[in-house]
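With the hints as constraints, model all of the structure from the sequences given.
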Amino acid sequence: MNSINWYKYSSPATFYGLAGKLIPWFYSAAALFCVAGLYLGLVLAPTDFQQSDAYRIIFIHVPAAWMSMFIYVVMACWAALGLAFNTRLSFMMASALAPTGAMLTFVSLWTGALWGKPTWGAWWVWDARLTSELILFFLYLGFMALQAAIDDPRRADRAGALIALVGVVNVPIIYFSVRWWNTLHQGASVSMTKAPSMAAIMLVGMLVMALAAWMYAIAAALSRARSIILEREKNSQWVAQMVEAEV
Amino acid sequence: MSTLQIVFVLLRRELMLAMRRRGDVLTVLFFFVIVASLFPLGVGPDPKLLRLMGGGVVWVAALLAAMLSLGRMFASDYADGTLEQLVLTPTPPVVWITGKILAHWLVSGVPLILVAPVLGVQFGLSNEALVVLVFSLLLGTPVLSLIGAIGAALTLGLRGGGVLVSLLVLPLYIPVLIFGAGAVDGAMSGLGSEAHLSLLGSILILAFMLTPWAVSAALRISIE
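These protein sequences, in sequence, are chains A and B.
Going letter by letter, the first sequence gives residues 0 to 246 in numbering that gives the first Met the number 0.
Going letter by letter, the second sequence gives residues 0 to 223 in numbering that gives the first Met the number 0.
Calculated directly from the structure, the hints in this document are not laboratory data.
Among the clues, some could well be false.
Label pairs and their calculated CB-CB ranges [to be verified]:
#	chain 1	residue 1	chain 2	residue 2	range
1	A	PRO23	B	SER188	34 to 44 angstroms
2	A	TRP125	B	VAL86	39 to 49 angstroms
3	B	VAL133	A	VAL168	44 to 54 angstroms
4	A	TYR8	B	LEU14	47 to 57 angstroms
5	A	VAL168	B	PRO91	48 to 58 angstroms
6	B	GLY80	A	ALA244	26 to 36 angstroms
7	A	VAL168	B	LEU105	20 to 30 angstroms
8	A	PRO171	B	VAL130	22 to 32 angstroms
9	B	ILE222	A	LYS20	38 to 48 angstroms
10	B	SER75	A	SER9	34 to 44 angstroms
11	A	PRO98	B	GLY191	17 to 27 angstroms
12	B	TRP212	A	LYS20	53 to 63 angstroms
13	A	LYS233	B	PHE7	50 to 60 angstroms
14	A	LEU41	B	SER125	50 to 60 angstroms
Note that beta-carbon positions come from the ideal geometry of N, C-alpha and C, so glycine has one too.
Shown next, in the form of structure tokens:
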């Protein structure tokens, strides 16, 4: 038991089977956490005295925002692994993560706008966090557009990995520049108005929803990785055997 | 040949090529001027408003112009095989890449800096702000060439490379835009621009140290 051969699963053929076994577990965990989190957030959590029920969107918004940033870092880690060890699977994981990350970035921007309208009175303000989240969305788009434009998968993998790494080095610089730009230009007109320390139940609901988003992201990335593996390995023997066995 | 000599020879070659195709250089320059002149037509001729946004407009135009010229950085050398020969030379890629980026800046960055004060006058910037504008461009445009080189190297020979490069590179240009335009803004409002210029300078040093390596990795990926 203490000698699992991890290298075995760096081969797409074996990883394909492993991912197939893991995906239902992650999806059910995501569904379970989601139901629990929504119950905590929409039923048990009390109404906020300042923002009334509008605040409840944070149960989607905050987990999506956290995951959008976290997934970019994970993507860059896979990219670095791929460039360092030349493992095809790492690149596949990086490109499998990108659409999920972009989707969650979009969700966090969208739900942020929905929350901002009743609370701040505006769909969009050029707040530091909003702006840097928007730029993160652009970075995801750039990564995906670059990979889509290159036909040779080997070049697409490595070029995408490089731009992901360049992006991750730039993210802190972009974040701080946007923050300073914001404070110089318009002062702190909008802050989260620190609601006197969030009620414990709200925090728990948010964390459970974050776990749900996490599990969902893993499941979605794994199933996308499976599709990528099938597409790339369509001419290999093991895929042919598998298809034959299924027919 | 010593490292400096190699950079010098490469610089001379690039500048000579640019001189032979003067149109390319001028196109970028006029693009810069036209984009900046579009803004007053779009937002109205109110001098107060124009003075307020002048620095930012010139900077955005400089960003777009620098991006437009990126396609040329490696494309023609890639098409005629020079780039492969350069990769095969025993010179470390970082050396000649730095030379090429420097040449790109001299050809497409420096003309922008020279014309920018004229545009600044059109927007009614104060004298002090004009000086700061030139200084900020002097520190900022090399960064545009450095970061842009990564995008240019990655999109080498791809279809739709020009649009793709903008999607890759423009988000990475944002800090330069913020501090560059912020410096002019600081000079206009009397807040001072030293902090912005210092930050621009530190970004330049950081980019100068790191990007040639990233470009050399990107070229290796694109050429192999």
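So, going through the hints one by one against the coordinates:
Between PRO23(A) and SER188(B) the C-beta distance comes to about 60 angstroms, which lies outside the given range of 34 to 44 angstroms. For TRP125(A) paired with VAL86(B), a C-beta distance near 44 angstroms keeps the hint of 39 to 49 angstroms intact. A hinted range of 44 to 54 angstroms is violated for the C-beta pair VAL133(B) and VAL168(A), which are about 29 angstroms apart. The hint said 47 to 57 angstroms for the Cβ distance between TYR8(A) and LEU14(B), and at roughly 54 angstroms that hint holds.
Between VAL168(A) and PRO91(B) the CB atoms are about 21 angstroms apart, so this pair departs from the stated range of 48 to 58 angstroms. In this structure the hint that GLY80(B) and ALA244(A) lie 26 to 36 angstroms apart at CB is violated, the actual value being about 49 angstroms. In this structure the hint that VAL168(A) and LEU105(B) lie 20 to 30 angstroms apart at CB holds, the actual value being about 26 angstroms. Separated by about 31 angstroms at the C-beta atoms, PRO171(A) and VAL130(B) satisfy the suggested range of 22 to 32 angstroms.
Hint check: ILE222(B) to LYS20(A), Cβ distance near 40 angstroms, so the stated range 38 to 48 angstroms holds. Checked against the given bound of 34 to 44 angstroms, the beta carbons of SER75(B) and SER9(A), roughly 40 angstroms apart, stay inside it. Taken as a hint, the range 17 to 27 angstroms is violated for the pair PRO98(A) and GLY191(B), whose Cβ atoms sit roughly 45 angstroms apart. At roughly 41 angstroms, the beta carbons of TRP212(B) and LYS20(A) sit outside the given window of 53 to 63 angstroms.
At about 52 angstroms, the CB distance of LYS233(A) to PHE7(B) agrees with the hint of 50 to 60 angstroms. Checking the proposed 50 to 60 angstroms range against LEU41(A) and SER125(B) shows it holds: the Cβ atoms sit about 56 angstroms from each other.
Going through the hint list in order, the structure does not satisfy hints 1, 3, 5, 6, 11, 12.
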